[in-house]
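First to last, the sequence lines map onto chains A and B. Numbering follows numbering that gives the first Met the number 0, in which position 302 of the first sequence is assigned residue number 301; successive positions increment by one, without gaps. Numbering follows numbering that gives the first Met the number 0, in which position 48 of the second sequence is assigned residue number 47; successive positions increment by one, without gaps.
Treat each hint with caution, since some may be false.
Which copy is meant is left open, because identical chains are indistinguishable; a pair holds if it fits in one copy or across any two.
As the list claims (entries may be wrong) - DMTMM-like mimics (lysine to aspartate or glutamate), calculated; alpha carbons at most 25 Å apart, straight line:
#: 1; residue 1: LYS224; residue 2: ASP408
#: 2; residue 1: LYS158; residue 2: GLU348
#: 3; residue 1: LYS124; residue 2: ASP101
#: 4; residue 1: LYS158; residue 2: ASP406
#: 5; residue 1: LYS158; residue 2: GLU294
#: 6; residue 1: LYS379; residue 2: ASP411
#: 7; residue 1: LYS34; residue 2: ASP66
#: 8; residue 1: LYS158; residue 2: ASP129
#: 9; residue 1: LYS158; residue 2: GLU141
These are computed hints drawn from the structure, not numbers from a lab.
2 protein chains.
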Amino acid sequence: MVSPDPVSGPMSRPLSGIVVQKYGGSSVADAAAIKRVARRIVEAKKAGNAVVVAVSAMGDSTDELLDLANQVSPLPPARELDMLLTSGERISMALLAMAISDLGFSARSFTGSQAGVITDSVHGKAKIIDVTPGRIQSAIDEGHIVIVAGFQGVSQDTKEITTLGRGGTDTTAVALAAALQADVCEIYTDVDGVFTADPRIVPAAQKLATVTYEEMLELAACGAKVLHLRCVEYARRYDIPIHVRSSFSQLEGTVVSGSIDHQEPTMEQAIIAGVAHDRSEAKITVVGVPDKVGEAARIFEALAGAQINLDMIVQNVSAAATNLTDISFTLPRSDGQTAMTTLASLQSEVGFDSLLYDDKIGKVSLIGAGMRSHPGVTAKFFSALAGAGVSLRMISTSEIRISVVVDEDEVDSAVAAAHTAFDLDASEVEAVVYGGSGR
Amino acid sequence: MVSPDPVSGPMSRPLSGIVVQKYGGSSVADAAAIKRVARRIVEAKKAGNAVVVAVSAMGDSTDELLDLANQVSPLPPARELDMLLTSGERISMALLAMAISDLGFSARSFTGSQAGVITDSVHGKAKIIDVTPGRIQSAIDEGHIVIVAGFQGVSQDTKEITTLGRGGTDTTAVALAAALQADVCEIYTDVDGVFTADPRIVPAAQKLATVTYEEMLELAACGAKVLHLRCVEYARRYDIPIHVRSSFSQLEGTVVSGSIDHQEPTMEQAIIAGVAHDRSEAKITVVGVPDKVGEAARIFEALAGAQINLDMIVQNVSAAATNLTDISFTLPRSDGQTAMTTLASLQSEVGFDSLLYDDKIGKVSLIGAGMRSHPGVTAKFFSALAGAGVSLRMISTSEIRISVVVDEDEVDSAVAAAHTAFDLDASEVEAVVYGGSGR
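Using the sequences provided together with the hints, build the complete structure.
See below:
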């Protein structure tokens, strides 16, 4: 027996890296789609990687399960709803493992609980507390391709099955990548990457090759649906590069990585990463609030107690004659009814005049790390909106973002005007490449 | 503070008994059916019982999942198939818990794994090794109605999800009843109970009020589909009475309990419990086997090694001139191909002449504890069959059973002739009550 050459022999081959891939519901909508995804996974395995996949439920199956739930109970208990919905990923992950097996590669599927995805106990929108990947690490070590059910976990205290809420599978993928110290987390979706604006509104929108975590966080928070906020937060915390790309093409997508704090500004760097918009919010105005210390706090405490996350908040200066002020804020439309009920119950206590509810609004946001070092961005943005005849209803800013609330039917023209004003429109040729395949 | 009266006060109320109920797929086929089952469960709870329910997947959903599996892989790995199929009960149990909750009662659903159903590692037909009901006992103690996914468990050694194979939910129910020391295990199905024959073949068949474990074992083994063999074996071992009844009516069904060894024969006791039939078997004949010690053993060892369970076995006396014998046996038709392949590979080694395969057969069985003490049952049975013009192809007997193999198209007339000969036919009035609602 001759020992293999310690430098070049087969035993000394460096351990391959771990790639985590995420496939959403539209990528595994039926048997043909599952087989196509299986081939892509096998390609990554053949390229020498250990592959771990987080997968969502097939197509509309989660909605179908929700429909069944509503047929038996108008208000199903959250624990049972989680038990029901987690069956969706159980189906898709087992089918995906079978399809991989059919290609001659060994795959093992694991529920969130089996994969060690530990969460808090908030059914329906649990947060990942920890990932204990012992069982999937063993499966990787044995050479299996690992398929993990996205969107689900098990609660630390009660050992109950939980779901992570919207975008949960993205978060599962990034959390697995962090726990396994993966090289990259690839998020496969039905678009080619992150665009400078929604190509359905701005046909000349361009795909971004790279974007920082901070910019992506602002884009996601402002309505860009390609990645969810929590997933990007998780990736930033653990410094996991995310590659957002299409499961329907072989094109390179957008790499989300790096911090703006560590980047040297370059000539090439765009001032603005993109223009996001969001039509999912409503605006509530509390009219005639006594302008005393603590009154506003009581309003916001009550809303927080009802688990409602507010977005933009504006308080007018009080009219001197009355010493009353108006408080306006935006919130998800889905929380509108709860918020109005909560506020109405406070009316006699706080002593405000009335409540106004408006869900015919939209939010348009300009996002870019470069705006920190480029004065005049705000003026240029507002000038472009004025030129397009758009009226501003609320304004809020962060270090790398300017957001405005406008009438819902002026959202499209506001996005287009801003996109053009900041020279984001692709040339005609590029627009064909990126804009056309943006859906 | 006055202590409650230790005899009649509320604290001294005797602890209520535990009732385990099982509902099959046809009982929870859609939202309306699930709501009906929920009402029935709540009735049992209102009657003062602690209620534990084992539930199957909805209607045809298991077949739909199998169809999906076959679309992605012609031969899916057994581990992944179990992962896939167990999602079916996860859906039905969560929906059932929601429907109960909607009636104002608290219900908690548990997977087989969560309920402590510990099995061996044979995917697709795992056997229950143990039930560790700590978690469901806690839920009972807290006053919840407990819903457990039938048909599934978790393997002791590998912690993998397993399924129990056909009739698995019946077995789950009985195993839970044994572990919880329940008073009774109610198996809800789409027939009114156990009948003296299949009412589709014998319209005058009667529902049995009671039947012993031993008789029920023979009935199940001989083709009566109302209960599965393993479930009855489990119930006998732990002495759990099974009440088989319809989920579509309030009629009393059939109670399976007691041992024939402990029963005093009474004037009223019928000699024959029923006539069962089975069209799921095939017959294989190994022609011209050298009549030497060990040759037959090698054939049966090979079949056992291929996991094939044989039923009736007949060996002809060898023809003196050739010293060759024929061996015939019956087996499930689904194992026919495997058995023929296994036997063909033995041909040169064992040196038999040829193999014959016949799946146009049926088995008719007469079952009754009374036949032990009543001579002449066999003669009367064969006489009835002869009178109906039925030819016998194989015969096998046990202490409380006589089985014959006949041509498949003579099964119906054989069953009817035996049923009449042993005075099992109901009077016309009874036939309307029992026979008419037998499906």
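Status of each hint after checking the structure:
1. For a Cα distance limit of 25 Å, the shortest separation of LYS224 from ASP408 inside one copy, 20 Å, qualifies, whereas the shortest one across copies, 64 Å, does not.
2. In this homomeric assembly, LYS158 and GLU348 never come within 25 Å of each other (Cα to Cα): the closest approach is 41 Å inside a single copy and 56 Å across copies.
3. In the homo-oligomer, the alpha carbons of LYS124 and ASP101 lie at most 25 Å apart only across protomers (22 Å), although the nearest pairing inside one protomer, at 35 Å, exceeds that limit.
4. Taking the shortest alpha-carbon separations for LYS158 and ASP406, neither the intra-copy value of 46 Å nor the inter-copy value of 56 Å comes in at or below 25 Å.
5. In the homo-oligomer, the alpha carbons of LYS158 and GLU294 never lie at most 25 Å apart, since the shortest distance is 41 Å inside one protomer and 56 Å across protomers.
6. Proximity of LYS379 and ASP411 under a CA criterion of 25 Å is satisfied intra-copy only: 18 Å inside one chain copy versus 90 Å between copies.
7. Proximity of LYS34 to ASP66 under the C-alpha cut-off of 25 Å is restricted to the inter-copy arrangement: shortest distance 15 Å between copies versus 27 Å within a copy.
8. For the homomeric pair LYS158 and ASP129, the shortest alpha-carbon distances inside one copy (14 Å) and between copies (21 Å) are both at most 25 Å.
9. Proximity of LYS158 and GLU141 under a CA criterion of 25 Å is satisfied inter-copy only: 17 Å between copies versus 28 Å inside one chain copy.
The earlier numbered hints that this structure contradicts are 2, 4 and 5.
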